[in-house]
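Peer 1: Letter by letter, the sequence shown follows residues 12 to 155 of my numbering.
Simulated from the structure, these hints should not be mistaken for lab results.
A hint or two may mislead.
[Claimed, not checked] Label-pair distances were calculated between CB atoms; the ranges are:
1) 91 x 129: 33 to 41 Å
2) 96 x 128: 27 to 35 Å
3) 119 x 94: 13 to 21 Å
4) 128 x 95: 28 to 36 Å
5) 130 x 95: 37 to 45 Å
6) 93 x 128: 15 to 23 Å
7) 116 x 144: 15 to 23 Å
8) 94 x 131: 34 to 42 Å
9) 118 x 81: 14 to 22 Å
10) 114 x 144: 20 to 28 Å
11) 116 x 142: 16 to 24 Å
12) 98 x 129: 26 to 34 Å
Here the structure is a predicted model, which means the values were calculated and not measured.
Cβ coordinates follow ideal geometry from the N, Cα and C atoms, glycine included.
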Amino acid sequence: MDNSDPATDGLVLHLSFDSLDGDTCPDLSPMENDGTNYGADHVQSFEWNVTSATPTTPHFTSLPDPVVTPTMLIEWNESTCVDAAIDFYTIHIDTTDSFPDPTSYTVENTSIEVSGLTNGTYYTRIKSTNEYASQVLGVLLLLL
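Using the sequences and the hints, build the whole thing.
Peer 2: Here's what the structure looks like:
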C-alpha cells in the first residue's frame, strides 16, 4: 500500500518485500546477511482495528432570540467522542464570515452569554476539542 498524499487521514501502512515465495524471505536490505534465507510464514490477510478520536460536530440547539439588548445567549449540543472526553469548546464571534479577527471564548459547558455587542451582523462558530483532535461547527449568521 502506498499513499503519498499528506492530507490523508488515518493510518497508512507501508510494506515492502524484495522476494517472497511463501516459504522463504531473504534479507535483501542494506544490512546484508550474505543471502541467507530465513523461514517465513505466508500471510494472506490480517485485520487492523483503528479507532477514531475526533469528536462529533457540535450543533446549535436553537437560534438565539432576536436581540434587544447587547447580550446574546448561544447554546449548542454536547459533542461526544468514544475515545476521549471533550476538554473544552472554543467560540469565535466576528463581523466577517472568514473570521480574520474573531473574539474568542473558551468554555467547558454548552452555552455562553456574550455581552457588549452593538447592532450589526455577527458570525459565530464553535469548535469542540479533546486531547486528540478538534471538530468545527459551520458558521451561524446572527443579525442584531
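Peer 1: Compare the structure with each hint and give your call.
Peer 2: Structure-based check of all given hints:
Taking 33 to 41 Å as the suggested C-beta distance range, the pair residue 91 and residue 129 conforms, at roughly 36 Å. Separated by about 31 Å at the C-beta atoms, residue 96 and residue 128 satisfy the suggested range of 27 to 35 Å. A beta carbon spacing of about 19 Å between residue 119 and residue 94 agrees with the range 13 to 21 Å that was offered as a hint. For residue 128 paired with residue 95, a C-beta distance near 34 Å keeps the hint of 28 to 36 Å intact.
For residue 130 and residue 95, the Cβ-Cβ distance of about 41 Å falls inside the hinted range of 37 to 45 Å, so the restraint holds. Under the hint 15 to 23 Å, the C-beta atoms of residue 93 and residue 128, about 37 Å apart, miss the expected range. As the Cβ distance of residue 116 to residue 144 is approximately 20 Å, the hint placing it in 15 to 23 Å holds. Between residue 94 and residue 131 the C-beta distance comes to about 40 Å, which sits within the given range of 34 to 42 Å.
Between residue 118 and residue 81, the C-beta spacing of about 19 Å keeps the proposed range 14 to 22 Å intact. Look at residue 114 against residue 144: about 24 Å separates their beta carbons, and that is inside 20 to 28 Å. Restraint check, residue 116 to residue 142: a C-beta distance of roughly 20 Å satisfies the suggested window 16 to 24 Å. Judged by the Cβ atoms, the range 26 to 34 Å given for residue 98 and residue 129 holds: they are separated by roughly 32 Å.
Of the numbered hints stated above, the single one contradicted by the structure is hint 6.
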